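A.B. asks: Protein chains in written order, with the numbering used here: chain W, 6 to 279; chain B, 6 to 279; chain V, 6 to 279.
Hints in this document: simulated from the structure, not taken from any laboratory. Values in this document were obtained by computation on a predicted structure and should not be read as measured data. Take the hints with a grain of salt, since some may be wrong.
Which copy? The list can't say, so a pair holds if one copy fits it or any two copies do.
[What the hints assert, rightly or not] Only pairs whose alpha carbons sit at most 25 Å apart, straight line, appear in this in silico BS3-like list of lysine-lysine:
| hint | residue 1 | residue 2 |
| --- | --- | --- |
| 1 | Lys103 | Lys89 |
| 2 | Lys199 | Lys243 |
| 3 | Lys111 | Lys162 |
| 4 | Lys111 | Lys243 |
| 5 | Lys111 | Lys272 |
| 6 | Lys248 | Lys103 |
| 7 | Lys83 | Lys103 |
| 8 | Lys83 | Lys167 |
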Amino acid sequence: MLGTMLNNVRSAAPLVHCITNYVTVNDCANILLAAGASPIMSDDVGEVEEITAICSALAVNIGTLNQRTIPAMFMAGKKAAALKKPIVLDPVGAGASKLRTETAAKLMAEVPFSVIRGNISEVKALALGGGSTRGVDADAADAVTTATLDDAVIFAKRYAAKTGAVVAVTGAVDIVTDGSAAYLIRNGHPMMSKITGSGCMLTALTGAFLASNPENILEAAAAALIAMGLCGEAAYRKFLDRKTGNATFRNDLIDAVFSLTGDALEKGARYEVR
Amino acid sequence: MLGTMLNNVRSAAPLVHCITNYVTVNDCANILLAAGASPIMSDDVGEVEEITAICSALAVNIGTLNQRTIPAMFMAGKKAAALKKPIVLDPVGAGASKLRTETAAKLMAEVPFSVIRGNISEVKALALGGGSTRGVDADAADAVTTATLDDAVIFAKRYAAKTGAVVAVTGAVDIVTDGSAAYLIRNGHPMMSKITGSGCMLTALTGAFLASNPENILEAAAAALIAMGLCGEAAYRKFLDRKTGNATFRNDLIDAVFSLTGDALEKGARYEVR
Amino acid sequence: MLGTMLNNVRSAAPLVHCITNYVTVNDCANILLAAGASPIMSDDVGEVEEITAICSALAVNIGTLNQRTIPAMFMAGKKAAALKKPIVLDPVGAGASKLRTETAAKLMAEVPFSVIRGNISEVKALALGGGSTRGVDADAADAVTTATLDDAVIFAKRYAAKTGAVVAVTGAVDIVTDGSAAYLIRNGHPMMSKITGSGCMLTALTGAFLASNPENILEAAAAALIAMGLCGEAAYRKFLDRKTGNATFRNDLIDAVFSLTGDALEKGARYEVR
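Throw the hints in and build the complete structure from the sequences for me.
C.D. replies: Now the structure itself:
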């Protein structure tokens, strides 16, 4: 079932509209292509509505947000909503500045996001209106560990129920929930935090999974997270073999997505549903 | 002769001014360096005229165009024209939004481009004032295949004759024409469409070839396309050998440009002139 | 001592605020992560003061500067100064346009930079108010060679004394000086000029070294340059072994930073102090 969702991406080859930061935009484009989707990056108010209209999903990532691109995020989000297209939000660095926290909160208020994908600090900043984000990384105090997992699941479920969005919190254990069921995913590797863009790439990839599986948002988001985690594990095995570093790890991660099959996703998935 | 054109790039080491999208800008810079040229990226109206003036060619790429950068494209284009420097246009995504189609058309009207380098859908959007671009990729209905090649050559020749620019349409078979002669180039590999930036990198590279061979725009553009195609083939052989993915393919492609010699270009070229 | 400075980066894991160009921003983020630091890129006036406030250093890089980001450079610089955080300036392309030269000069006048890191042409453009920068590369006429080294050291010392900043001029021989002592560093390899971003990455890395060693700005900057040079040498050995190209060299360079230890830095350093 989860594997089928990747197969659907490869057969549908959906166009995904990304309004995303300039730090990791190239990696986002390449991971979409690796999964069989096609990226189009566009962030100007003069065209985002048209671009959203020809795409099958919209991914909004607020890293390096600015006065020029923020209005485009709202405009594209509303257009996607009007056209019933899946929309994913990555609240990069929410909690690190008022501009990020407030923009993300306002986007949440005005755009019916299908999925919110962030680390625990970012999602807490959104849910609680502030927080202790450590830049764009999760704050150590917030880390989702075995000890804090139960609380984190309750928090994520409540926030999903409140917002109507699927909430995908990534960390040592990933949580994906629509407010009633929660996928707890144990794929992935800490090395993924040693490159920039693991989260951004996952958000873009989630957009592709939603685009190709719009009837199963919860499962599609879970499948995207599992796919990313499995590819992180594969890239880490290469890292161990060849003693490289984080730049090569990044390439190996994208390469792993390029080779990932639905079967391998299905067999490698390590999760429980609560 | 075509090989000499690459040698000229390596000996002249031309500075190429790129106004280009933020998705693939790093790859554009590295491929210019790989070919022996030097990149300078600059897109602000406060400096583009001066930057163009110290460069030997200008490459304008409209991907991620925006209100701030569009005026800089016109300003730099006019300056380059006044200084008789070669200029190449990449109408990324023309046909996907009015902003892209109209900006590209207006650029064509106001700037005497030496070369227009795009996929068939983009060039059709420019020539016909609209179209069915699939985001930034060519629409399947437009694909240049053996069956449609004759028509595509006629179309490209007419558009070149009408505009006065060399038209370089890339696809399964590439067509480069000045309106009378047409190079039909069969180098390259479909894997090149599995990375972001194949087209953008080629446009930047074309800028370097024009800069170093300003007396032979048609042949210089053809040589740039052949160089890119050959390097795509080389990268694909590495992909087959090592079972990697699109991220490594991208690196191998740029690496292949780094190693490409004029002799290898000459010997590997597969083209006919009609 | 110099090796300890890298160890301090790895143990402190400082957040570094980068206002930097979109060409090499991904590489800057990944090299910071490779060294054990964390990047946050932010360039909007709506948030840069808050971002600077949560970081341990600020790196300002004027490549692809524009009307929107220039005010953010001043705002962040002044905030960092008020909070006594180390600040590094990379005057990319100073001398290539009035906008770059004047922005860099104005930044120097209004922000008490800890370190200025550029090539000799850029630093001369700053010091002398103009110059013959070859785009973003050093002009051949300015190259620091054995023959011109003595003059360059005198120039750098004077400029450091005049500005109160540590001046780090990179080239065949790097010079790092606070006006009295000068480190002359002979690590590195010319292949580093065949990728985009060697300088930008070094500037970001310098930010991390300053953040973790704020009491020893001169030595911290020297250690950052030696680290970068050593990793360039390591990447070049891989290049020779595997006959790759500049794209792979870039990855190998970042990978080398990922693996670099304080001990290896200490043992590999080739410098004299004058």
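A.B. asks: If the cut is 25 Å between Cα atoms, do lysine 111 and lysine 272 qualify within a copy, between copies, both or neither?
C.D. replies: neither (39 Å within a copy, 53 Å between copies)
A.B. asks: When Cα atoms must be at most 25 Å apart, do lysine 111 and lysine 243 count as within-copy, between-copy, both, or neither?
C.D. replies: neither (42 Å within a copy, 48 Å between copies)
A.B. asks: Is it within a copy, between copies, both, or neither that the alpha carbon of lysine 83 lies no farther than 25 Å from that of lysine 167?
C.D. replies: within (20 Å within a copy, 41 Å between copies)
A.B. asks: Since the copies are identical, ignore which copy is meant and state whether lysine 111 and lysine 162 lie within 25 Å (CA to CA) inside a copy, between copies, both or neither.
C.D. replies: within (21 Å within a copy, 51 Å between copies)
A.B. asks: Please sort lysine 83 with lysine 103 into within, between, both or neither, judging by C-alpha distance up to 25 Å.
C.D. replies: both (23 Å within a copy, 19 Å between copies)
A.B. asks: Measure nothing new, just compare the shortest in-copy and cross-copy C-alpha distances for lysine 199 and lysine 243 to 25 Å and report within, between, both or neither.
C.D. replies: both (15 Å within a copy, 22 Å between copies)
A.B. asks: From the Cα coordinates, with 25 Å as the cut-off, is the pair lysine 103 and lysine 89 best called within, between, both, or neither?
C.D. replies: So lysine 103 and lysine 89 pass the 25 Å test across copies only (22 Å; inside, 30 Å).
A.B. asks: What label fits lysine 248 with lysine 103 when the C-alpha limit is 25 Å: within, between, both, or neither?
C.D. replies: neither (41 Å within a copy, 46 Å between copies)
Comparing the model with each numbered hint stated earlier shows that hints 4, 5, 6 do not hold.
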